[in-house]
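Engineer: Chains as they are written, first to last, in my numbering: chain B, 63 to 471; chain Z, -10 to 159.
Keep in mind the hints are simulated off the structure, nothing from the lab. It is possible that some hints are incorrect.
Said to hold, decoys possible - Between beta-carbon pairs, the in silico distance windows are: (1) PRO147(B) to ARG44(Z): 35 to 41 Å; (2) ASN131(Z) to ARG78(B): 28 to 34 Å; (3) THR234(B) to THR137(Z): 54 to 60 Å; (4) ASP3(Z) to ASP141(B): 43 to 49 Å; (5) ALA163(B) to ASP3(Z): 52 to 58 Å; (6) GLU148(Z) to ASN148(B): 45 to 51 Å; (7) ALA133(Z) to ASP141(B): 54 to 60 Å; (8) ARG44(Z) to GLN371(B): 26 to 32 Å; (9) ALA81(B) to ALA129(Z): 43 to 49 Å; (10) THR137(Z) to ASP362(B): 52 to 58 Å.
Beta carbons: idealized from backbone N, C-alpha and C, even for Gly.
This is what each chain is made of:
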Amino acid sequence: MSIDVRLERAAESVRRSVAAVPIPSVSRSPRVARRRRPGLVVAFSVLTAVVMISVATFALSGFFDRDHARRPTSSPMEDLFPRFPNHVGADLYLSPREVPAGFSTISVTGTTADGSGVYGSLGETQHSQQWVQLDASGAPIGAFTLSWGNNDLAAAWKADPSVPVTDLQPPTGDAIDRYRAAGTPVTLGDHAGYSIEAERSVAWTEHGDVVVVSTGSGPLAALDRVALIDIARNVVRHADGYTVEHPPAGYRLAAQVTNTLSDGAHERVLAYGDGQGHGFSIKLTNDSSYPPGVELANPDARLIAVRGQPAVLSPRRAGAGCGAAERFLCPIGPTDPTPRLFLQWVEPDNTNVLIASTGLTEAELRALADSLAPSTLDQWMQLGARCPERAASALGTDEVSLVCEGTTP
Amino acid sequence: MCDQTVVQVGDTFDDCYRSEYRRVLALAVVLCRDRHEAEDLTQDAFVALHRNWERISGFEDPGAWVRRVVANRSVSRWRRLRTEARGLVRLGRQEEAEWPDPDAAAVWSEVRRLSVRQAQVIALTYLDGLAVSEVARILAINDATVKTHLQRGRRALAEVLRETDGDDLP
């Protein structure tokens, strides 16, 4: 069979697969409904139910006798990761002083885009804290999240900064409704709450917000319902939202995110390959709103130190895929055994560093990270000049300009 | 395509959107690894088209424009954040959608391993059956460059997929 026929067949397969996809209707409103994933809706429903159950528990336990609104402003908890002020001045470039044997530059890309406009809905809550408990090796052994958002679903919808084309109508009702319907009611002082045991979640409303504490049902769901209720008792409201005043022993705040996530501005990526389908990329961005601690929600991640900063080493990383600068991440067939390793941390100037790799051992990856040294754009360009193939033109977009492109052998 | 010659006076963004959505989605599907990501990318491209509709419908080819946006934005890795970050914190990672056709999945997986330009050219050529000049217009490159990327991409695919390459441009 010729490659031409193979491609035609593959194209036809894709055309067939999308032929049945419903076309979302279009709203003419400049701020239209955003497409919501059924999975997210279900997830939110589950969480709502969990909250409802928890509220019931709280009611029985009298845990929520306290008025959250009257609590003092939260004092900052000890975070796993430092919080740096926004980046100012020239962009930071880092180049490896030592490159693993056999690897050479395959691409250098950069953009001056601000990285805004990347919206990721957390469901019906707009803010979330990720709390984790780590073992001695830095691996997470327990986790829970504290999430909150506008209880009025329509109001939350309208506040969504995205301007989607698709047509779903603004939701109606309150976020707590699902918990009320599926959960167990509990009395929480002045707040009515609900608990859903199956979701290990507790939810309530206060000051117009829905607040949810949950472990989910994954491998890091080490806390039971009683513990969740205890956490809920310690949730305090402050000017910027909510936090847990006294988390369970060993738990620390790993990340706080909103539903507006961005990898950061001025994305610049230096990628290497070994000619065998393996490679690694060093991606630098300014002021990322996607903190490394998010990955500690995965049991196979680990907290380590790199260049004097806490970093997360993980075989997976949300957002990592076989894009243009990381084609080496594309699996070679469905059972590609090549391990992936990701390493992310934040430099003191608030430059987010993410190294994505295939074919590197942990030791090689850590050595690579530790070998990074401040560089310049010119030096990066010189590295790009070594690419086996150079693209003469930019990609023709205001978001990405390809400085140099090499082929992945 | 919903280009100027097709979009008549009174035709709207909606018309373009409805006629092009699936075809643009197909392009996004093959250039992205994840189906959900492709859907997001497609919608976002149409959002961008919607925002610029007055200008684009008057002076440019909307169909080409939206394909160019998809082709270029598929390059940007942050695109995936939008898909994969959702629910990650609270509910754990979502697995990516499976391809219904393993052979097609293998072919497009290899296409994505080509250089950006080669992948874009092949996707536009085979999915939409576009001529070299049309692909060139979408990607804002010249015809000769399209031919070069097409030939090199096909040759590379033939090698990795163990197929023959007749080297006949479609």
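Engineer: Against each hint, give a clear statement of whether it holds in the structure.
Structural biologist: Consistency of the hints with the structure:
no.: 1; hint: PRO147(B) to ARG44(Z): 35 to 41 Å; verdict: holds (38 Å)
no.: 2; hint: ASN131(Z) to ARG78(B): 28 to 34 Å; verdict: holds (33 Å)
no.: 3; hint: THR234(B) to THR137(Z): 54 to 60 Å; verdict: holds (55 Å)
no.: 4; hint: ASP3(Z) to ASP141(B): 43 to 49 Å; verdict: holds (47 Å)
no.: 5; hint: ALA163(B) to ASP3(Z): 52 to 58 Å; verdict: holds (57 Å)
no.: 6; hint: GLU148(Z) to ASN148(B): 45 to 51 Å; verdict: holds (47 Å)
no.: 7; hint: ALA133(Z) to ASP141(B): 54 to 60 Å; verdict: holds (55 Å)
no.: 8; hint: ARG44(Z) to GLN371(B): 26 to 32 Å; verdict: violated (45 Å)
no.: 9; hint: ALA81(B) to ALA129(Z): 43 to 49 Å; verdict: violated (29 Å)
no.: 10; hint: THR137(Z) to ASP362(B): 52 to 58 Å; verdict: violated (43 Å)
Taken one by one, the earlier hints fail for this structure at numbers 8, 9 and 10, listed in ascending order.
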